[in-house]
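As given, the protein sequences belong to chains A and B, one line each in that order. Sequential numbering of the first sequence, starting at 0, is according to numbering that gives the first Met the number 0. Sequential numbering of the second sequence, starting at 0, is according to numbering that gives the first Met the number 0.
Just so you know, these hints were derived from the structure itself, not from any lab. Zero decoy hints are in this set.
Just a few of them, taken from the derived set where beta-carbon distance is under 10 Å, the chain B residues facing chain A:
id: 1; residue: S54
id: 2; residue: I220
id: 3; residue: D248
id: 4; residue: R254
id: 5; residue: A255
C-beta atoms are modelled at their ideal positions from N, C-alpha and C, and glycine is treated no differently.
Chain residues, written in single-letter form:
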Amino acid sequence: MTVFLQSLVLGLLLGGVYALAASGLTLIFGVMKVINIAHGAFLVLASFITYTLWDVVGIDPLLAIVITTPLVFAIGWATYKVVVSPIRSAPMASTVLLTFGLALVLEGAMGEIWGNNSTAIRPSYADESFTIGGIFLPKAQVFGGLIAVAVLVVLWIVLTRTWLGRAIRAAASNPSSAQLVGIRTASVAALVFAIGIAAAGAGGAITGVLYPFVPGSHYQWIARLLAIVVLGGLGSLNGAVLGAILFGLAEVFTSTYVSPSWATAVPYAIVFAVLLIRPQGLLGTRLREDAVAA
Amino acid sequence: MVHTSRGGRRSLMAAAVTGVLVTSLAACGGDDGGGGGSDDPIVIGSSLPLTGEFSQPGQAAEQGYKVWQEMVNADGGLLGRQVELVIKDDASNQNTIVTDYNALISQDRVDLLLGTFSSLLNLPASAVAERNQMLYVEPAGGSPDMFNRGFEYLFFAQQSTADKQGKVFAEWVAQLPEGEIPETAAYPTLDDPFAAPNVAGIQAMLEEAGVETVYEETYAIDTKNFDTIVSAMKNADPDLVVHGAQFEDGIGMTRAMLKADFTPDMFFQTNAPSFGSQFTEGIGEDNTEGVFYAVSHSPDADTPGNAEFVAKYEEMYGGGEVPEDAADAYAAAEVLQAAVEAVGSIDDQQALADWLHENEVETILGPLSWDETGAPQGDFLIGQWQDGAPQIVLPEDAATAEITRNWTPGGAG
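If we strip away everything but chain A, and leave its shape as in the complex, we get (with noise of 0.2 Å):
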């Protein structure tokens, strides 16, 4: 039974961290329909930031998110007004070539500016836990999940509850009938880009402290980030919760049960597995095409 809630506990916190990092690729999916591919170099990128202010001017690097994550909302904005605008309207594939180039080009500079070196942040936490009951809860993993939760329940108070959050929904349900109430898409869809790299970038904080990184790490976290979003149902962000925390759960509980060898393919098995049933993903829907043709 021990091993079991262990097992249950590291997959939760897993997953809640997992979610955070995806709720932006499906936010930037939802409104925009781009696939970013570009989502785990951000999140890097905002690791490798979390590292310089740790290190350099010694702030904690999880109370460091409320400046990375300003900052790569910044970086997320510009990003989107230089590159990613002018092609908005080209077909799907052109946009992942866009952000493939993108996720190369952050890869490069990030390698030129920290070095293709391991990096690791290790605040004094880092290496401890508590334990309840026979169970231990990694500290940093504890500290990670909370802030992750809280992240992503602003995250959904902002899309339920405000104006911002209707017209978002509205530009990515129907952007012509928006428009006509008003809504300027092309400023949701700036602003978007901004939150979905900003929330990225929360999760680069906290998985920076959690694991080491070097710039190519982003191959391994869009690969994750891509599934849970898919599991999920693109460009839903309750999906994105629901997929990151199954998700998570199936590589601790595999890893546990089965063999660590097969802890990252069962994951991506299961997303397969979804998807023959509901093609949609769990909590997506069909994309609506307006019923009157031009």
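With the hints as your guide, set chain B onto chain A.
Relative to the frame of chain A, chain B by itself:
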């Protein structure tokens, strides 16, 4: 909030396929020109993982090659000709490494080849060299699988293959007196052609010595989360952990062990502990105390040319420490140089390979010699972290410090 139509899914599929194609194409290198007439430089080609997951050792290997180039050119060159290196970046990708070595041979028309880093990449790269009947001396690919393919042109420029790199450590553990010899051991390892045989070699020797195996698992190469593996190991409560790792997973596993307050009496880890200050930064200097590892090079070793190599490295790349991977790359170039100088020509690659099969080469790692498969015939050094510094503790004639038995991590910070 978002909906996916059949057409949308087709677009997604097209986008994914395009992404894969772009990934494959993006890593292709450009042309750099090759060697020609007898007064032209001798052009030596290599491809290294300068970016991607293996970028850390790949960049160190590049430094080693460049130190050798500087030194050999300053000394009048090879066969009286200057040496020019053409180094491509394979981005730690097995497909790209094949493209790169094919391009080095057919487009750049290099005169000689040097190997890449890691068994994972050297496995396909050496096959390209063998197919083209070119000598292939590689600095970091010790998997036994490298040497069971009947290759004639392949040589590994370290002391032993991966399955024997922990041999000296296992022999030392096996001869410990009763009461000190660990009764149980755990063997987690990365699914990697270098790490897994390394651990398997130690495990076989320790089981023969009566050390009971209480945990053995292999984990996938993209594993990030080690908490559950550590949780299972902690439940098995071994006296000794032998961990087969590359760098990042080595750091990740050790940190997970510390978080779980799982600190076995003895801890041996492949690869990561040989990374000097990056290892101490990764897990905390206090936590390195007593960690064992196998290593090919010691900056303090009294081997031919070692002091000169270390001095030149520090001149070119700054003082402090010399990465093992830079030394291994330098040694690979020394092996190539020895063969070329002995044969007196670069035209007959078969003669170069034949000479290496029949002779021993003095390198900064010590003397290297090979069997008919290109596998080296020596023993690795065993290192141990003591007082925040790496020391050589075995074999005794190469030791820079007395060996201590236990891993005694001092906590975070």
